[in-house]
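> Sequence:
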Amino acid sequence: MNLIQIIPLLVIFAALLIVYDIAQKYFIFRLFQKAKDEKEREAIIALLTTRRWR
1 MNLIQIIPLL VIFAALLIVY DIAQKYFIFR LFQKAKDEKE REAIIALLTT RRWR
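If you read the sequence shown in the working numbering, its first letter stands for residue 1, the second for the next number, and so on.
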């Protein structure tokens, strides 16, 4: 496989990562909009920033 065959695959992969990132940010934005008060927003932030490794 030479470089000219790999470049289109890399472009598609990068585009998929960008779309995934935008969709994730939109989902979080919608969660914040649906939150009723500041405590609910803080709970959402706590859930999103807590990382649990198993």
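None of these hints come from the bench; they were simulated from the model.
Source: prediction; values computed, not measured.
Honestly, I wouldn't trust all of these hints.
25 Å max Cα-Cα, derived SDA-like pairs, lysine to any residue [what the hints assert, rightly or not]:
hint: 1; residue 1: K25; residue 2: L47
hint: 2; residue 1: K36; residue 2: T49
hint: 3; residue 1: K39; residue 2: F27
hint: 4; residue 1: K34; residue 2: A15
hint: 5; residue 1: K36; residue 2: I18
hint: 6; residue 1: K25; residue 2: N2
hint: 7; residue 1: K36; residue 2: T50
hint: 8; residue 1: K36; residue 2: Y26
hint: 9; residue 1: K36; residue 2: A23
hint: 10; residue 1: K36; residue 2: I22
hint: 11; residue 1: K25; residue 2: R51
hint: 12; residue 1: K34; residue 2: I12
hint: 13; residue 1: K25; residue 2: I6
hint: 14; residue 1: K36; residue 2: V19
hint: 15; residue 1: K39; residue 2: T49
hint: 16; residue 1: K39; residue 2: Q24
hint: 17; residue 1: K39; residue 2: I28
hint: 18; residue 1: K25; residue 2: L3
hint: 19; residue 1: K25; residue 2: I4
hint: 20; residue 1: K25; residue 2: I44
hint: 21; residue 1: K25; residue 2: Q5
hint: 22; residue 1: K34; residue 2: V19
Distance ranges between label pairs, derived from CB positions [stated by the list, open to error]:
hint: 23; residue 1: L16; residue 2: T50; range: 34 to 42 Å
hint: 24; residue 1: K34; residue 2: L9; range: 32 to 40 Å
hint: 25; residue 1: A46; residue 2: K25; range: 15 to 23 Å
hint: 26; residue 1: Q5; residue 2: E38; range: 50 to 58 Å
hint: 27; residue 1: A14; residue 2: T49; range: 24 to 32 Å
We treat Cβ as the ideally placed atom computed from N, Cα and C, and that holds for glycine.
> None of the hints should be skipped; say for each whether it holds.
Here is how each hint holds up against the structure:
1. At most 25 Å may separate the alpha-carbon atoms for a hinted pair to count; K25 and L47 meet this at roughly 15 Å.
2. Distance restraint check for K36 and T49: the Cα-Cα separation of roughly 20 Å lies within the 25 Å cut-off, and the hinted pair is therefore satisfied.
3. Straight-line distance between C-alpha atoms of K39 and F27 comes to about 19 Å, which keeps the hinted pair within the 25 Å bound.
4. Among the hinted pairs, K34 with A15 is inconsistent with the structure: their alpha-carbon atoms are about 29 Å apart, more than 25 Å.
5. Distance check on the hinted pair: K36 and I18 sit about 30 Å apart at the alpha-carbon level, beyond 25 Å; violated.
6. A C-alpha spacing of about 35 Å is found between K25 and N2, which places the hinted pair above 25 Å, so the restraint is violated.
7. Between K36 and T50, the direct Cα distance comes to roughly 21 Å. Compliance with the 25 Å bound is thereby established for this hinted pair.
8. Distance check on the hinted pair: K36 and Y26 sit about 18 Å apart at the alpha-carbon level, within 25 Å; holds.
9. For the hint linking K36 to A23, the alpha-carbon distance of about 22 Å falls within 25 Å, and the restraint holds.
10. The suggested pairing of K36 with I22 holds, with an alpha-carbon distance near 24 Å, which does not exceed 25 Å.
11. For the proposed pair K25 and R51, the alpha carbon gap of about 17 Å is at most 25 Å, so the pair holds.
12. Among the hinted pairs, K34 with I12 is inconsistent with the structure: their alpha-carbon atoms are about 33 Å apart, more than 25 Å.
13. Between K25 and I6 the alpha-carbon distance is near 29 Å, which puts this suggested pair outside the 25 Å criterion.
14. Restraint check for K36 and V19: the C-alpha separation of about 28 Å exceeds 25 Å, so the hint is violated.
15. For a cut-off of 25 Å, the pair hint linking K39 to T49 stands: about 15 Å separates their Cα positions.
16. Note on K39 and Q24: the hinted pairing holds, with a Cα-Cα distance of about 22 Å set against a maximum of 25 Å.
17. A hinted pair counts as satisfied when its Cα atoms are at most 25 Å apart, and K39 with I28 qualifies at roughly 16 Å.
18. Restraint check for K25 and L3: the C-alpha separation of about 33 Å exceeds 25 Å, so the hint is violated.
19. Straight-line distance between C-alpha atoms of K25 and I4 comes to about 33 Å, which puts the hinted pair past the 25 Å bound.
20. With a C-alpha separation of about 13 Å, the suggested pairing of K25 with I44 holds against the 25 Å cut-off.
21. Of the supplied pair hints, the one linking K25 and Q5 is violated, its CA atoms being roughly 32 Å apart against a limit of 25 Å.
22. At roughly 23 Å between alpha-carbon atoms, K34 and V19 fall within 25 Å of each other, so this suggested pair holds.
23. Judged by the Cβ atoms, the range 34 to 42 Å given for L16 and T50 is violated: they are separated by roughly 27 Å.
24. Judged by the Cβ atoms, the range 32 to 40 Å given for K34 and L9 holds: they are separated by roughly 38 Å.
25. Under the hint 15 to 23 Å, the C-beta atoms of A46 and K25, about 18 Å apart, fit the expected range.
26. Checked against the hint of 50 to 58 Å, the C-beta distance between Q5 and E38 comes to roughly 53 Å, which is consistent with it.
27. Separation of A14 from T49 is about 26 Å and conforms to the stated range, judged on CB atoms against 24 to 32 Å.
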